[in-house]
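Enquirer: Line order of the protein sequences matches chains A and B. Under the working numbering, residues 159 to 406 are what the first sequence spells out, in order. Under the working numbering, residues 155 to 415 are what the second sequence spells out, in order.
Calculated directly from the structure, the hints in this document are not laboratory data. Take the hints with a grain of salt, since some may be wrong.
As the list claims (entries may be wrong) - In silico EDC-like pairs for lysine to aspartate or glutamate, Cα to Cα no more than 16 Å straight-line:
no. : chain 1 : residue 1 : chain 2 : residue 2
1   : A       : Lys171    : B       : Glu182
2   : A       : Lys171    : B       : Glu247
3   : A       : Lys171    : B       : Glu384
4   : B       : Lys292    : B       : Asp225
5   : B       : Lys261    : A       : Asp373
Unchecked claim - Taking CB as the label site, the calculated pair distances span:
no. : chain 1 : residue 1 : chain 2 : residue 2 : range
6   : B       : His257    : A       : Lys318    : 45 to 55 Å
7   : A       : Arg177    : B       : Leu224    : 32 to 42 Å
8   : A       : Phe163    : B       : Asp282    : 37 to 47 Å
9   : B       : Thr213    : A       : Gly316    : 42 to 52 Å
10  : A       : Arg399    : B       : Asp225    : 44 to 54 Å
11  : B       : Asp225    : A       : Arg285    : 49 to 59 Å
12  : B       : Asn160    : A       : Ala350    : 31 to 41 Å
13  : A       : Ala350    : B       : Arg364    : 32 to 42 Å
14  : B       : Ser220    : A       : Gly316    : 18 to 28 Å
15  : B       : Ala389    : A       : Gln405    : 50 to 60 Å
16  : B       : Gly166    : A       : Ala178    : 56 to 66 Å
17  : A       : Gly316    : B       : Asp278    : 24 to 34 Å
Even for Gly, the Cβ is constructed at its ideal location relative to N, Cα and C.
Each chain is listed here by its residues.
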Amino acid sequence: MEVVFALWLREVKRYLRSRAQVVASLGQPLMYLLVLGFGLGPVFEKAGQGNYLQFVAPGVIGMTILFSSIFSGAGLLWDRQFGFLKETLVAPVPRIQIMAGRTLGGATTSLFQGTLVLVVCLLAGFRPHDLGGVFLGLLFMALVAVVFAALGTIIGAGLKDMQGFQLVMNFLVMPIFFLSGALYPLSNLPPALTVLTRLDPLSYGVDGLRGAFIDQWHFGVVTDLAVLGVLAAIFLALGARAFSRIQV
Amino acid sequence: MIRVQNLIKTFGDVTAVAGITFDVHPGEIFAFLGPNGAGKTTTIQMLTTLLRPTSGSITLDGLDPSARPLDARRRFGIVFQDPSLDHELTAYENMDLHGVLYHVPRKVRTERIQVLLTLFELWDRRGDRVKTFSGGMKRRLEIARGLLHTPKILFLDEPTLGLDPQSRNQLWTHVKHLNETEGVTVFLTTHYMDEAERVAHRIAIIDHGRIVAQGSPQELRQQTGTDSLEQAFLALTGTSIRDESAGSADQMRQMARMWRK
Numbered sequence: 159m160e161v162v163f164a165l166w167l168r169e170v171k172r173y174l175r176s177r178a179q180v181v182a183s184l185g186q187p188l189m190y191l192l193v194l195g196f197g198l199g200p201v202f203e204k205a206g207q208g209n210y211l212q213f214v215a216p217g218v219i220g221m222t223i224l225f226s227s228i229f230s231g232a233g234l235l236w237d238r239q240f241g242f243l244k245e246t247l248v249a250p251v252p253r254i255q256i257m258a259g260r261t262l263g264g265a266t267t268s269l270f271q272g273t274l275v276l277v278v279c280l281l282a283g284f285r286p287h288d289l290g291g292v293f294l295g296l297l298f299m300a301l302v303a304v305v306f307a308a309l310g311t312i313i314g315a316g317l318k319d320m321q322g323f324q325l326v327m328n329f330l331v332m333p334i335f336f337l338s339g340a341l342y343p344l345s346n347l348p349p350a351l352t353v354l355t356r357l358d359p360l361s362y363g364v365d366g367l368r369g370a371f372i373d374q375w376h377f378g379v380v381t382d383l384a385v386l387g388v389l390a391a392i393f394l395a396l397g398a399r400a401f402s403r404i405q406v
Numbered sequence: 155m156i157r158v159q160n161l162i163k164t165f166g167d168v169t170a171v172a173g174i175t176f177d178v179h180p181g182e183i184f185a186f187l188g189p190n191g192a193g194k195t196t197t198i199q200m201l202t203t204l205l206r207p208t209s210g211s212i213t214l215d216g217l218d219p220s221a222r223p224l225d226a227r228r229r230f231g232i233v234f235q236d237p238s239l240d241h242e243l244t245a246y247e248n249m250d251l252h253g254v255l256y257h258v259p260r261k262v263r264t265e266r267i268q269v270l271l272t273l274f275e276l277w278d279r280r281g282d283r284v285k286t287f288s289g290g291m292k293r294r295l296e297i298a299r300g301l302l303h304t305p306k307i308l309f310l311d312e313p314t315l316g317l318d319p320q321s322r323n324q325l326w327t328h329v330k331h332l333n334e335t336e337g338v339t340v341f342l343t344t345h346y347m348d349e350a351e352r353v354a355h356r357i358a359i360i361d362h363g364r365i366v367a368q369g370s371p372q373e374l375r376q377q378t379g380t381d382s383l384e385q386a387f388l389a390l391t392g393t394s395i396r397d398e399s400a401g402s403a404d405q406m407r408q409m410a411r412m413w414r415k
């Protein structure tokens, strides 16, 4: 337990110390929130869908957590290149503990980052429908963070260099974001897109966030919680397996 | 303590280690010498569970590291050839995290960290992040960290690379002391023949993935009819210079350096 905590603490410390990076990673969500939020607002309203800022804010929070979780997994790649990974791999500690500490640390820092974006959303005029919804929303944020931090670990364990990471970014992470319904409603889509959006884990996260914050559900709270819970368990197990096989 | 038989490691077409056999006795300081790219680090990586051998067998204190990696890891400590510190953490935090990973009790940890950081003259900088350290300071920290717990077997992979003579002297004095008082078995590699001559009980010389000679420093000198280990080494491995190709790790480091400036 002490080991898991120490490695968790390491991730949190690293996050808190890289203030420039924290600020920099606010840039992209802000663009989506403000430029798209206000830019698409009039069209969205004319289409009879209500306030777009309200609609897109939960999606932007989901996106922030997705990116920062996956990046925390890619931190494994940096640790590999800078050697610190070896230090943990030869330690007399079950690898599952090392994986757990890192992944939970990554999930925690993404949750921080998501909360920061939530605050920015609130400042920009986003209004959750009630306080209870905010707590449910935080639960969904935590679940999304764990799911994608674990996925990040699986990816990080398999990557050898930065080029590989670009590939993952463009062919896995970006599609996960764009297919999640973060930016548009999931109803009345062409059939192919409907199938793809249903296969996307983040769809359930974004739906949960949107449901919790502004009471607009597509799949429903039970489905969202169940899918994310099961995926978290599967990804953590696969992550542990991937981690136990790492060679330097 | 360490028994290696017919150990082979290939990466695709490249054979890094081509069937080596040797024994390291308990309480011995064993030097593993060879030119760049001879297979020293690959061998250490296999001994320390970081790589799985292609074939051959390893026994570490009676255990097979590929079958029971965790039990094997409980028995050794290692100082790596490449840097392996966390640059965002302070010197103290790096030491402390290592102590946690190796289950050193908190009280002992606090004491030993102070002793070791003082010994390697880093105590005043304990609160500074490692990324502000010079190359030599990082190296010293890495060695101090490797000595934080007392393993049965200590692996030192070119530990003195980039160290000043003072720190080198500290290191070897400390290692000899550990060996004599605690009976720690030491397996080391180095490019400095005088160091090997000074501390090692026995030496194996590896070249192109094969062991070309084994014995005490004296035996190696006699065997080659030379009067220093350096000359014996050159007689055994030739005078041509070897090149290692840059791995992806080196390329990344170069890239990272470019970004930082």
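Enquirer: Hint by hint, note whether the structure agrees.
Expert: Outcome of the hint check:
| no. | hint | result |
| --- | --- | --- |
| 1 | Lys171/A to Glu182/B | violated (41 Å) |
| 2 | Lys171/A to Glu247/B | holds (10 Å) |
| 3 | Lys171/A to Glu384/B | violated (47 Å) |
| 4 | Lys292/B to Asp225/B | violated (29 Å) |
| 5 | Lys261/B to Asp373/A | violated (53 Å) |
| 6 | His257/B to Lys318/A: 45 to 55 Å | violated (31 Å) |
| 7 | Arg177/A to Leu224/B: 32 to 42 Å | holds (38 Å) |
| 8 | Phe163/A to Asp282/B: 37 to 47 Å | violated (24 Å) |
| 9 | Thr213/B to Gly316/A: 42 to 52 Å | violated (31 Å) |
| 10 | Arg399/A to Asp225/B: 44 to 54 Å | violated (20 Å) |
| 11 | Asp225/B to Arg285/A: 49 to 59 Å | holds (57 Å) |
| 12 | Asn160/B to Ala350/A: 31 to 41 Å | violated (56 Å) |
| 13 | Ala350/A to Arg364/B: 32 to 42 Å | violated (59 Å) |
| 14 | Ser220/B to Gly316/A: 18 to 28 Å | holds (21 Å) |
| 15 | Ala389/B to Gln405/A: 50 to 60 Å | violated (36 Å) |
| 16 | Gly166/B to Ala178/A: 56 to 66 Å | violated (41 Å) |
| 17 | Gly316/A to Asp278/B: 24 to 34 Å | violated (42 Å) |
Checked against the numbered hints listed earlier, the structure breaks hints 1, 3, 4, 5, 6, 8, 9, 10, 12, 13, 15, 16, 17; every other hint is satisfied.
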